[in-house]
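K.L.:
Chain residues, written in single-letter form:
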Amino acid sequence: DGGITQSPKYLFRKEGQNVTLSCEQNLNHDAMYWYRQDPGQGLRLIYYSQIVNDFQKGDIAEGYSVSREKKESFPLTVTSAQKNPTAFYLCASSISTNTGELFFGEGSRLTVL
Amino acid sequence: DAKTTQPPSMDCAEGRAANLPCNHSTISGNEYVYWYRQIHSQGPQYIIHGLKNNETNEMASLIITEDRKSSTLILPHATLRDTAVYYCIVRVPGSGGSNYKLTFGKGTLLTVNP
Chain A
1 DGGITQSPKY LFRKEGQNVT LSCEQNLNHD AMYWYRQDPG QGLRLIYYSQ
51 IVNDFQKGDI AEGYSVSREK KESFPLTVTS AQKNPTAFYL CASSISTNTG
101 ELFFGEGSRL TVL
Chain B
1 DAKTTQPPSM DCAEGRAANL PCNHSTISGN EYVYWYRQIH SQGPQYIIHG
51 LKNNETNEMA SLIITEDRKS STLILPHATL RDTAVYYCIV RVPGSGGSNY
101 KLTFGKGTLL TVNP
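One line per chain: the protein sequences are A and B, in this order.
Using my numbering, you'd call the opening residue of the first sequence number 1 and step up by one each time.
Using my numbering, you'd call the opening residue of the second sequence number 1 and step up by one each time.
Derived from the structure by calculation, the hints contain no laboratory data.
Given the structure is predicted, the values throughout are model-derived calculations rather than measurements.
Heads up, the beta-carbon is just placed ideally off N, CA and C, and yes, glycines get one too.
Misleading hints may appear alongside valid ones.
Partner residues are not named here, just some residues of chain B that face chain A (Cβ under 8 Å, in silico) [to be verified]: (1) C12; (2) Q42; (3) Y46; (4) G50; (5) L51; (6) R91; (7) K101; (8) G105; (9) K106.
What follows is a set of in silico ranges between Cβ atoms, one per label pair, in the way DEER data are often shown [claimed, not checked]: (10) Q42(B) x N28(A): 45 to 53 Å; (11) G15(B) x T77(A): 42 to 50 Å; (12) E66(B) x G63(A): 39 to 47 Å; (13) N84(A) x H40(B): 17 to 25 Å; (14) I74(B) x K57(A): 44 to 52 Å; (15) E66(B) x F12(A): 48 to 56 Å; (16) H77(B) x S7(A): 30 to 38 Å; (17) N19(B) x P39(A): 25 to 33 Å; (18) T77(A) x P76(B): 25 to 33 Å.
So here's chain B without its partners, still in its complex pose (with noise of 0.2 Å):
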C-alpha cells in the first residue's frame, strides 16, 4: 500500500498562498491522491483529488509531480478559516479486491495567522 508523508505542521499568513507538501513515493500507476481537510471538532472536508495531471476548483489547486512522487496541495489566499489539519491520502484497494478504501494519516495542521 502507498503510504503518505507530511509534515505535522505549518503556518500561513492569513491572505497568502498556502503550500501544503505530500509525499507519495511508493504509489502506484493508478492510485489517485486526495487531499482532505478537518477543522477541529468537526468531519472531514473533502478538497481535491488528482491521478497525474494537475488540478484545480474553488477551493485549491493540486500539483503533482511528473513521476507522481508527491504533490502539493495550494491554497491560493488563505484566510483564518483555513486553520485546519490537511490530509493526503493515497487511495488504496480494500478487501474484496474492488472495494477501496481511504486510510487517513494524522496530516499537517495548517495555521493561519493574522
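Excised from the complex, chain A in its bound form (with noise of 0.2 Å):
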C-alpha cells in the first residue's frame, strides 16, 4: 500500500547525541515535510522540502537539519544543538506544495534523557 514510514517509532538517547529519524514515502509526492509536536499542543513546522535536492526552513528550524538527495528519503536529524529535542515527530508529504492535503506518517516518538 502506498503510504508514508517513519522510523523508528519510538527511540530513547542520551543528552548530547545527534539523533536521525527516517521517513520515506512511496505515493511519488514532491513535497515533504516534518513537524514537531510537544503534548498538548499544535504542530509546528520544522523543515520543508519543494522537490529533490531543495529544501527550506520552517518555523523551529535551529538545531534540526535535513536531506533531499531522493524524492522519496526525506531524514530529519536531531543535533546535539536542538535544546529541548523530547518531542512526538511527524513526517508529511504532498504532490506539491501548492496543495494543502497532505499525508502524515504514524510518527516517531524521542525521549532525551
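Mind docking these for me? Both chains are given alone in their own frames, and the hints should help you get the complex.
P.N.:
And the structure:
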C-alpha cells in the first residue's frame, strides 16, 4: 500500500547525541515536511522540501538538519544543538507545496534522557 | 496571516451529529480552509477543505459562511472512533511566495460518548 513510513516509532537517546529519524514515502509526492508536536500542543513546522535537493526552514529549524537526496526520502537529524529535543516528530508529504492535502506518517517519539 | 480560533473541547453523543466551529475572521480571498483530525498518538489525517462553497465527502461536510469568517465541520453520525483532536487551518503562503504551508494550532478535542 502507498503511504509514509517513519522509523523508529520510539527512540531513546542520551543528551548530546545526534539522532536521525527516517521518513520514506512511496506516493511519488514531490513535497515533504517535518513537524514537531509537544504534549497538548499543535504541530510546528521544522523543515519542508518542495523537490529533490531543495529544502527550506520552517518555524523552528534551529537545532535540526535535513537532506533530500532522493524523492522518496526526507531524513531529519536532531542535533545536540536542539535544546529540548524530546517530542513527537511527524513527517508528511503532498503532491506539491501548492496543495494543503498532506499525508502523514505515524510519527516518531524521541525521548532524550 | 489568517489565524483560526476553535473551542478547546467539545462532547458529542454517539450517533448524533458533531458540529465543530472555527473562526477565521482575517481570512483573505484566496485562502482555503482545511480540516484535519488527529487520533491520539497518530499522525493527522486530512478530512476536507473548501474556499467559499459548502463541501461534502465521505467523512464530513464543511459549511463556510458567506463572509468566509467562520466555518463548521459536520460529522453527521459521530462514532466512538471519531474521538480525536480536530484542526481547522487556513492555508498561508510560506517562504518563497509560491510555497504554501499549513499551521496547526491546538485544535478542538472532540469526545464522542456512548
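K.L.:
Using the nearest Cβ pair, does K106(B) come within less than 8 Å of chain A?
P.N.:
holds (5 Å)
K.L.:
Is the interface hint satisfied for Q42(B)? The criterion is a beta-carbon contact with chain A at less than 8 Å.
P.N.:
Given a least distance of 6 Å, the restraint on Q42(B) holds.
K.L.:
Can we keep the G105(B) interface hint, with Cβ of chain A closer than 8 Å?
P.N.:
holds (5 Å)
K.L.:
Assuming the hint says 44 to 52 Å, is it satisfied by the Cβ distance from I74(B) to K57(A) or not?
P.N.:
Taking Cβ atoms as reference, I74(B) and K57(A) lie about 37 Å apart, which means the hint is violated.
K.L.:
Does 42 to 50 Å hold as the CB distance between G15(B) and T77(A), or does it fail?
P.N.:
Since G15(B) and T77(A) have Cβ atoms about 47 Å apart, the given range 42 to 50 Å holds.
K.L.:
Given a hinted range of 25 to 33 Å, is it respected by the beta-carbon distance of T77(A) and P76(B)?
P.N.:
violated (44 Å)
K.L.:
In this structure, is the beta-carbon distance linking N19(B) and P39(A) contained in 25 to 33 Å?
P.N.:
holds (27 Å)
K.L.:
Answer holds if the nearest beta-carbon of chain A is closer than 8 Å to that of R91(B); otherwise answer violated.
P.N.:
Since the shortest Cβ distance to chain A is 5 Å, the answer is holds.
K.L.:
Is the interface hint satisfied for G50(B)? The criterion is a beta-carbon contact with chain A at less than 8 Å.
P.N.:
Constraint on G50(B) not satisfied, violated at 11 Å.
K.L.:
Answer holds if the nearest beta-carbon of chain A is closer than 8 Å to that of Y46(B); otherwise answer violated.
P.N.:
Constraint on Y46(B) satisfied, holds at 5 Å.
K.L.:
Look at the Cβ atoms of E66(B) and F12(A) and judge whether their distance stays inside 48 to 56 Å.
P.N.:
holds (52 Å)
K.L.:
Holds or violated: 39 to 47 Å for the Cβ distance of E66(B) and G63(A)?
P.N.:
holds (45 Å)
Consistency note: the structure conflicts with the earlier hints numbered 1, 4, 5, 10, 14, 18.
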